[in-house]
Amino acid sequence: DAKTTQPPSMDCAEGRAANLPCNHSTISGNEYVYWYRQIHSQGPQYIIHGLKNNETNEMASLIITEDRKSSTLILPHATLRDTAVYYCIVSRGGNQFYFGTGTSLTVIP
Amino acid sequence: DVKVTQSSRYLVKRTGEKVFLECVQDMDHENMFWYRQDPGLGLRLIYFSYDVKMKEKGDIPEGYSVSREKKERFSLILESASTNQTSMYLCASSIKIVLYSPLHFGNGTRLTVT
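Chains as they are written, first to last, in my numbering: chain R, 147 to 255; chain F, 20 to 133.
Some hints could be false.
Pairs of lysine-lysine, BS3-like flavour, derived with a Cα cap of 25 Å [said to hold, decoys possible]: (1) F:K74 / F:K115; (2) R:K149 / F:K115; (3) R:K198 / R:K215; (4) F:K74 / F:K22; (5) F:K72 / F:K115; (6) R:K215 / R:K149; (7) F:K22 / F:K90; (8) F:K76 / R:K198; (9) F:K76 / R:K149.
Okay, the calculated beta carbon distance ranges per label pair [unchecked claim]: (10) R:P222 / F:K32: 43 to 49 Å; (11) R:S250 / F:D70: 21 to 27 Å; (12) F:E41 / R:Q191: 17 to 23 Å.
Not close to chain F: a few residues of chain R, all C-beta gaps over 12 Å, as computed [as the list claims (entries may be wrong)]: (13) P153; (14) E177; (15) Y178; (16) S187; (17) I193; (18) T211; (19) L226; (20) D228; (21) I235; (22) S237; (23) R238; (24) G248.
Simulated from the structure, these hints should not be mistaken for lab results.
C-beta atoms are modelled at their ideal positions from N, C-alpha and C, and glycine is treated no differently.
Next up, chain R with everything else stripped away, as it sits in the complex (with noise of 0.2 Å):
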């Protein structure tokens, strides 16, 4: 069962910052949040996951609400090849990774 909500669809243009928003408000305390993206017929990417102290790697940054309810994955420089679907998880690991219908990011020229 997901156990997040994402709006369906986003646009963005490019060169400008995607945010992302994820609302995640039954988490439990031993699961994180991921992000992943899936551009159109290859498998989902990951790009990062968080507990609740920010994080930034060389794709994104991911954005964690103090009380952990929400979350928020930050693009910095939205790119043509950024069009995708993301999706935002929270799993203790393992086997417990459910995806829903993600975010459906449009990049505009």
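Chain R is fixed; fit chain F onto it per the hints.
Quick look at chain F alone, frame taken from chain R:
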């Protein structure tokens, strides 16, 4: 980078055929998984394995079996393919000893059963 390779990108089989989908990972991961992805249903876990010769049922194991004879290889078997098994099949792997290790996916096999 982790590489998870699925042997076929596209496959067309007939109803009743026995179908083998192969997956190989090159990062010595203990955990391997098979999912299927269908429009509007997201990804659903079919089977997973935490070690060689070990297998566990996921959420939708009916009509499928798996084989894990070597650590790097995890095979999904459709004993008698049916049209409702037409889908995108995704293999993934992760590290067992790292808690909260993320999944790393292959590029999928799009299977059509006619």
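Here is how each hint holds up against the structure:
Distance restraint check for K74 (chain F) and K115 (chain F): the Cα-Cα separation of roughly 14 Å lies within the 25 Å cut-off, and the hinted pair is therefore satisfied. For the given pair, K149 (chain R) sits about 23 Å from K115 (chain F) by alpha-carbon distance, which is consistent with the 25 Å threshold. For the given pair, K198 (chain R) sits about 10 Å from K215 (chain R) by alpha-carbon distance, which is consistent with the 25 Å threshold. Straight-line distance between C-alpha atoms of K74 (chain F) and K22 (chain F) comes to about 21 Å, which keeps the hinted pair within the 25 Å bound.
Pair hint K72 (chain F) plus K115 (chain F) holds up; C-alpha atoms about 15 Å apart against a cutoff of 25 Å. The hinted pair formed by K215 (chain R) and K149 (chain R) meets the criterion: a straight-line CA distance of about 11 Å does not exceed 25 Å. For a cut-off of 25 Å, the pair hint linking K22 (chain F) to K90 (chain F) stands: about 14 Å separates their Cα positions. A distance of roughly 31 Å separates the Cα atoms of K76 (chain F) and K198 (chain R); the hinted pair therefore is violated under the 25 Å criterion.
A threshold of 25 Å between alpha carbons decides the hint, and for K76 (chain F) with K149 (chain R) the separation of about 21 Å falls inside it, so the pair holds. Separation of P222 (chain R) from K32 (chain F) is about 44 Å and conforms to the stated range, judged on CB atoms against 43 to 49 Å. Taking 21 to 27 Å as the suggested C-beta distance range, the pair S250 (chain R) and D70 (chain F) does not conform, at roughly 37 Å. Separation of E41 (chain F) from Q191 (chain R) is about 21 Å and conforms to the stated range, judged on CB atoms against 17 to 23 Å.
Taking the minimum C-beta to C-beta distance to chain F, about 16 Å, the non-interface status of P153 (chain R) holds against the 12 Å cut. The Cβ of E177 (chain R) sits about 9 Å from the closest Cβ of chain F, inside the 12 Å cut-off, so the non-interface label is violated. With a least beta-carbon separation of about 5 Å from chain F, Y178 (chain R) fails to lie farther than 12 Å from that chain, contradicting its non-interface assignment. Annotated as non-interface, S187 (chain R) brings its C-beta within 12 Å of a C-beta of chain F; the closest such distance is 8 Å.
Consistency note on I193 (chain R): stated as away from chain F, yet its beta-carbon is not over 12 Å from all of that chain's, at 9 Å minimum. With a least CB separation of 19 Å from chain F, T211 (chain R) remains clear of the 12 Å interface cut-off, as annotated. The claim that L226 (chain R) is not at the interface with chain F holds, since no C-beta of that chain comes within 12 Å of its own (minimum 20 Å). Chain F leaves D228 (chain R) outside its interface by the beta-carbon criterion, the shortest separation being 18 Å against a cut-off of 12 Å.
Non-interface call for I235 (chain R) relative to chain F: violated, since the shortest CB-CB distance, roughly 9 Å, does not exceed 12 Å. Taking the minimum C-beta to C-beta distance to chain F, about 8 Å, the non-interface status of S237 (chain R) is violated against the 12 Å cut. Its beta-carbon lying about 7 Å from the closest one in chain F, R238 (chain R) breaks the requirement of being farther than 12 Å from that chain. The beta carbon of G248 (chain R) sits about 8 Å from the closest Cβ of chain F, which is not more than 12 Å, so the claim that it is off the interface is violated.
Consistency with the previously given hints fails for numbers 8, 11, 14, 15, 16, 17, 21, 22, 23 and 24, ordered from lowest to highest.
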